[in-house]
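Protein chains in written order, with our numbering: chain A, 5 to 73; chain B, 5 to 73; chain C, 348 to 591; chain D, 348 to 591; chain E, 50 to 411; chain F, 50 to 411; chain G, 1365 to 1550; chain H, 1365 to 1550.
Each hint should be verified, as a subset may be incorrect.
Covered stretches of chain D (chain E as the covering partner; in silico rule of three or more C-beta atoms under 8 Å from a C-beta of chain E) [said to hold, decoys possible]:
id	segment
1	408-415
2	428-440
3	443-454
4	552-560
Computed, partial: chain D to chain C, Cβ under 7 Å [as the list claims (entries may be wrong)]:
id	residue
5	Gly459
6	Thr513
7	Lys515
Since the hints were made in silico from the structure, they are not lab data. Everything numeric in this text was worked out from a predicted model, so none of it was measured. Glycine is no exception: its CB is placed at the ideal position from the N, C-alpha and C atoms.
Listed below, chain by chain, are the residues.
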Amino acid sequence: MPKIEIESEFCKGCLFCVEACPKDVIGTTSAVNDKGYQYAVPVHQENCIGCSICAIICPDAAIEVYKED
Amino acid sequence: MPKIEIESEFCKGCLFCVEACPKDVIGTTSAVNDKGYQYAVPVHQENCIGCSICAIICPDAAIEVYKED
Amino acid sequence: MKKVYSRPIGLHRNINGYCPGCLHSAAGKIIMSALEELNLLEKTAMVDGVGCCANNNNYMDLDAIGTPHGRACATASAIKRCSPETIVITYQGDGDLASIGLAETMMAANRGDNITVFFINNANYGMTGGQMAPTTLLDMKTTTTPFGRNPEEHGYPMDMCKVLSTLKGPSYIARVTCTDVPNVRKAKEAVKEALQHQVDGKGFSMVEFVSNCPTNWGLTPLESLKFIKEHMLAEYPLGVYRNL
Amino acid sequence: MKKVYSRPIGLHRNINGYCPGCLHSAAGKIIMSALEELNLLEKTAMVDGVGCCANNNNYMDLDAIGTPHGRACATASAIKRCSPETIVITYQGDGDLASIGLAETMMAANRGDNITVFFINNANYGMTGGQMAPTTLLDMKTTTTPFGRNPEEHGYPMDMCKVLSTLKGPSYIARVTCTDVPNVRKAKEAVKEALQHQVDGKGFSMVEFVSNCPTNWGLTPLESLKFIKEHMLAEYPLGVYRNL
Amino acid sequence: MDKVFMKGCQAIAEAAIRAGCRFFAGYPITPQNEVPEYFSRRMPEVGGVFLQGESETASAAMLYGAGATGIRAMTSSSSCGISLMSEAIGWMAGACMPVVICNVARGGPGIGSIQPSQQDYFQATKASGNGGFRMLVFAPSTVQEAVDMTYRAFDLAQKYKYPVYILTDGFTGEMMEPVVLPEMRSEEFLAAERKANDAWAVRGRNGAPKAHKIRCGARPGVVCTLEEKNIEDWEMYEQWKKDEIEYETYGTEDAELIITAYGISARIARSAVSILRKEGYRVGFVRPIKIHPFPEIAYEQLDYSKLRGILCAEMSIPPQFAYDVEAVVRKRAPIATCLRSGGEIIERSAIIDAAKKLYGDK
Amino acid sequence: MDKVFMKGCQAIAEAAIRAGCRFFAGYPITPQNEVPEYFSRRMPEVGGVFLQGESETASAAMLYGAGATGIRAMTSSSSCGISLMSEAIGWMAGACMPVVICNVARGGPGIGSIQPSQQDYFQATKASGNGGFRMLVFAPSTVQEAVDMTYRAFDLAQKYKYPVYILTDGFTGEMMEPVVLPEMRSEEFLAAERKANDAWAVRGRNGAPKAHKIRCGARPGVVCTLEEKNIEDWEMYEQWKKDEIEYETYGTEDAELIITAYGISARIARSAVSILRKEGYRVGFVRPIKIHPFPEIAYEQLDYSKLRGILCAEMSIPPQFAYDVEAVVRKRAPIATCLRSGGEIIERSAIIDAAKKLYGDK
Amino acid sequence: MENTILIGGIGGQGILMFGQLLCQTALETTDKYITYFPSYSMEKRGGTSDCYVTLSDEPVGSPKAEKSDYVVIFANQALKKFEDALYPGGALFIDTSVCTEKPNRTDVHIVEVPAGEIAREIGDARVANLCMLGAFIGYTEILPPDKVLATALKKIGAKRPELRALNEEAFNKGMEIGTAAKAAHV
Amino acid sequence: MENTILIGGIGGQGILMFGQLLCQTALETTDKYITYFPSYSMEKRGGTSDCYVTLSDEPVGSPKAEKSDYVVIFANQALKKFEDALYPGGALFIDTSVCTEKPNRTDVHIVEVPAGEIAREIGDARVANLCMLGAFIGYTEILPPDKVLATALKKIGAKRPELRALNEEAFNKGMEIGTAAKAAHV
Ligand SMILES: Cc1ncc(C[n+]2csc(CCOP(=O)(O)OP(=O)(O)O)c2C)c(N)n1
Ligand SMILES: Cc1ncc(C[n+]2csc(CCOP(=O)(O)OP(=O)(O)O)c2C)c(N)n1
Ligand code: SF4
Ligand code: SF4
Ligand code: SF4
Ligand code: SF4
Ligand code: SF4
Ligand code: SF4
Ligand SMILES: [Mg+2]
Ligand SMILES: [Mg+2]
């Protein structure tokens, strides 16, 4: 099953990925990272289709995408 | 009869007027003015038709043109 | 599992200081991944303008040099001429490239210096707190146009792609944005194309990024993308302006 | 007898220091007679660039101010904004206007500042002894292009009328020359038109004079006119580029 | 008179407007952005002109143009931006333009840092451009002084028909303090001055007996050699040494040690002096208020027979102000420095420590 | 070694090329046009780069870029053109670039005149930009010295990895004198140096363990605060006071009067000293060869008990060099000046007259 | 008498406003010399935001006091950065809702205020700084609380009238905590 | 020994070349210190053109001597400007074909050379300066005439080989006049 990993320390909580994901995989927590940003997290990892849209749109290169080989 | 006056102290001897006059009115002398330029002089004033071509082309505004009223 | 999308290898783990949602980050990421794909990371020297782009220095693993405000193209031209084997890129904001550095930009372009310019147009002076730039849209409020930019007093938004396209020196000029996936893809293609022009020795190339400044625009990151689409792109049409 | 052609009244009897046959003199004469005909001599402030035009100061009976090399348009814009009733003109060479002052020129144009720029393009730095200017023709030898200007190294001749015409600010842009009577007549018309644009408050106007520099070109005055006709005009076509 | 709580930069801009400034051109640079920003809002209210230059070079040329029309005009920038103005500043001195230039200084050299510093002392007092011209240079210590000096700068610029320079720093520019603002100069006053300036201003001849000419190398309308102009300026500078010296001293009568500083450092040094005196150290304080002309007399008046030393505190490494102090002290007392630079503020405790060290046993 | 008869400007350019200069950027300005013009012909012959900048600002930024690639590089200009470079000069000091800057000075302030002068002394020695940095400043008196100093300037720039400044003037630039040209630095030497500089140069990483970063405020590759950098530079300046002082004296042993001058004025002053001595005046001569660091020691070594006075001759009004002399002389002898400015040359007879006046009865 | 106050946090938390409100009130109600100095990092959002306030009977020396009598902390980094800038015996105010770390100092008074939580309870996270301000005034008593509140309402009210009531409530809740802490410490 | 020479005229008359030829020859044939300084006005054509030459046994002070031992005049304005720059007892060389005015000095030797005329007679007005040079050398004997001529032919020859013979003739004609004048003055 495809999945994404969000490096929370890179994320600045811009929500671009949240808005862009066609499968609503990503949401936010109330937690903040060291920089004080409320970072994005995969909340419905199971729905991910590995399309990479989120990763491509993420300005801060916080997202990496994995797929079955 | 039309005529021109060349202010010899303004003239720098560029020969534009000499070249431009349709009636070959203008020539040069070997005399130089205070600035050291060999200035232009009307040598065939009698042929002048008062067309002002020389005056218009003279960059240094050294020529003025007169005509009968 | 295979990684199908990775962070460009040239980006350090140091976090850059760009604001959330600032497309400076996006431009940097695209440039680094283009350099990676073209295998140019080791050959490249980046000339940073003065502006928010000062952030690049810390997180991009590239030879880099900061240069006086506006003079990036002059510095880059000299580097290229002294070291032709180096891929020389500049990275500049609109204040830097189109205002104080306008002469330097145009003259490098006109000389056809074989460098690649990345131009981040966010319609204001981001780093200094959002003053009017040459690219500020009409009616846009900035800290020095508190009543909005009006053409009588402040003139019109400058279209640098158009201006530079009047010159014979440039070999590639394109305008891109990073508001959505198709545009990000096109942006990367343009960046690669521009770099390829340099590799091929064709002369001056430039990619303008229509960008944002959520902080000084007073918008959320998402709102700022919307603003780009609705307002910026109308004034700054995307596309390839020159490709020799 | 009636005087049918007179020296413009605004020209002092002090002789200017322009070289023989230099069309700087012609441009100055035309400008002064246009101001005279429009009855603007008393209202005009001239901002002189740095270059051979420094000569203007002595023989033109106009309020005038010299300004740092390249900055004439910036100075003029400020004068106009502080004293809108003044007719503000600049008089600049190609090195002044199109090289060191390129940003100032373009920005004044882009702001649409209501000033009139007279631009004397003689394809080199006359005053300093004939170095390459942005407007130097290809293959032309100058003291800094001893082997001729070549596009790879030095870029291409800059067409300022074209460049400024990409901007929205200017309301009138024309290119003229003074090589012969019809052209002198057209030049004067263009100068008057440009000034009228300012009188009418229409914004930035510019007249470019395709000029000569017999001294540094190493030609006689007459040869230099021929050179203009045969070479300069091919690169710098005459005409009205903008008239709003 | 009511006090308002204002930021240094804004207070400077407001003071300028009250002094009659009706033209400002400038280019963004931290930490002086609030000067142009304030003007951009305020100028329309007073019928003045705000013009954002495309660069510092252009802004200075705009200032020159405005000055040439005879109105009160100003620019501001910070350190590296001021450097870009140096040709034009020299030009304006060469053309005798009554303008005001404000440097809200930051770390250097080059772009340096955006934090405050006092590293432009030599540039401001000795070489704001080529050619050896000098200007009156104010160095405020508080926001109130920034206001008052700005106000006076315009009068002095008009009096001498010469650029006047205000050297302040990012602390003074960014901090807020309560200030009393000076009264607004009346429109009549300004109109009268403008009319007087019409004797030389370049705005179209308008019936004047002679066309007006402004050029670098002569007072407006004057025909002279460059050397004559330089001599005239030199005479003016010498006159300034009589009329324009400004300084402040405190506790110098019984002082065994002098702490000397200017601008932002002076206020810190002054508070160090208070503490030291409370602790029983006989410490005095000398502060140039204008840093050009340099108040040599303030140091001449010291009783060197009593002095253990002089401590120069400044936010510049290498020291600059200390050089001028050394030149006038002429080894009559040992000189020590207490320095910071690059945007770091000088600490009172560091001044106190350095003073105690130089003082030796009480 | 054969002497050739050369113009100062051309000799400087040729000396630079022989020193290994392989990049020049500059903008036309009298009286230094022959420097770029010479380079434009000569650079292609040695595989170097000549680039005409669109302005002085651009030229200085080009110089900076060239310096950053690790090759020997230079610019030149004159007075107001140098002012336009001041931001970039400070930047290059801030970034520790080994470049050479030559000012063929003319009258000032601002555009001044195209005639030679020495009015940029303060700017060159104390404030070539903002931020308080200083450079080694050579001041040649003859075309031969201009050649030799240019040659050495490149070595010193490399040694200290710092800009080196040559302050000359339009006389020295335009006059012709016979000169012995130094040998051409070998390609091997230059290649080796360039290779060494590749340890920090910005030309693409090319397998280096770390990417190279050049920025204003740190030596290449160094991470430090601006204050740390400023302290390091200050230490270097202090070291210069030990290692880099250069001056010349003549007849000081028995002198009752000292004439002191630098650069073009020094050669005139020196010939005045010869004449005065022949006339029986015990006159000595002190000349700083580098004007920064200032050779305080040259004035310390004087026997003030004998001195009737010190005469400073310089082509600057107001005086500038005299200020530094005053600072080191510390009123131990009266100081007088003999000045010209704005393009006028100082006359030997004027120096002689002033000297005699200061000397009093023989 | 000289009071030096340092407020530290992150951009957007109302740090600068906090300092300015103190100064403005001091200006209107005292004869003190007042100096305020803001200090922020290059980043506009998420960057640090601090300010220094000095209220003094004598002219103020440095606008940026070396050590402060009071330090008010709005974020973890601020705690790390500024903990040591407090004089021994001084008071350290911490918004414990955002600042999760604990101070190391044992020689100072610590006033913990869950200002973020209180603000959210009241209904708007943005009023947390007013809550801290209340606590600060309640504890320090360096300015009359009613005047501080009035200044705050005037200044903030102009921008965000809808927050008026909430701000007042937040301030008062903070006051209570501050006053209580004061009582406990005495 | 120091010889100071001032040559004054109008751009295009070969003034600078005159001075340079003296210096180049001095360099090749003597051990003297040599300094040459050109001075021209802003105008490129028709403007003034002057140069100063100093040949000395000691290092040269000013490149622009206050007074000269010899003054060579090619134009009316130059005469006006430089007549007074000659030391009493010095020699004043005048090309009388262009310089129509008469000098006022009575305390100097005057050498009149109709160089322009001679040049035109020879066949090319451009060789007038060589004629003056010949006269100058013939009179002053400060440098060996054959060497000066050789230098001249080498330098000018490179640019304008067609003028070689004319130049030589002009120089020699000048020499004769100079030598004769010298003889007359002695
Ligand atoms: C000579 C000079 N002038 C002004 C500044 C101040 N300054 C810093 S960044 C900047 C411009 C930022 O605008 P832009 O180039 O558009 O970049 P952005 O931050 O918007 O990406 C300015 C004016 C400076 N550093 N140097
Ligand atoms: C800042 C500065 N740089 C350079 C110069 C030298 N300079 C004098 S005139 C001139 C340019 C002349 O060229 P142009 O503007 O084309 O005018 P032209 O003489 O050809 O009419 C230059 C570079 C100067 N005076 N100031
Ligand atoms: S890869 Fe596609 S589906 Fe998966 S999280 Fe990203 S955008 Fe959503
Ligand atoms: S796009 Fe990137 S930075 Fe933005 S919220 Fe998503 S992961 Fe975070
Ligand atoms: S007016 Fe006409 S005809 Fe008469 S001289 Fe002039 S050009 Fe010739
Ligand atoms: S055109 Fe004018 S300047 Fe030229 S030769 Fe004729 S009169 Fe003289
Ligand atoms: S200030 Fe604007 S341009 Fe700069 S990082 Fe923030 S959002 Fe981006
Ligand atoms: S140098 Fe050229 S541009 Fe200047 S006056 Fe002479 S001919 Fe005209
Ligand atoms: Mg921007
Ligand atoms: Mg030109």
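Verification of the hints:
1. Requiring three or more residues with a Cβ within less than 8 Å of a Cβ of chain E, the coverage given for the segment 408-415 of chain D holds, as 8 such residues are present.
2. Look at the segment 428-440 of chain D against chain E: 6 of its residues bring a Cβ nearer than 8 Å to a Cβ of that chain, three or more, so the hint holds.
3. Residues of the segment 443-454 of chain D lying with their CB closer than 8 Å to a CB of chain E number 3, which satisfies the three-residue condition for coverage.
4. Counting residues of the segment 552-560 of chain D whose C-beta sits closer than 8 Å to any C-beta of chain E gives 0, which falls short of three, so the coverage hint is violated.
5. Contact between Gly459 (chain D) and chain C, as hinted, is supported at the beta carbon level, the nearest pair being about 6 Å apart and thus within 7 Å.
6. A least Cβ separation of about 5 Å between Thr513 (chain D) and chain C falls short of the 7 Å threshold, and the interface hint therefore holds.
7. At its closest, the beta carbon of Lys515 (chain D) sits 4 Å from a beta carbon of chain C; the interface hint therefore holds under the 7 Å criterion.
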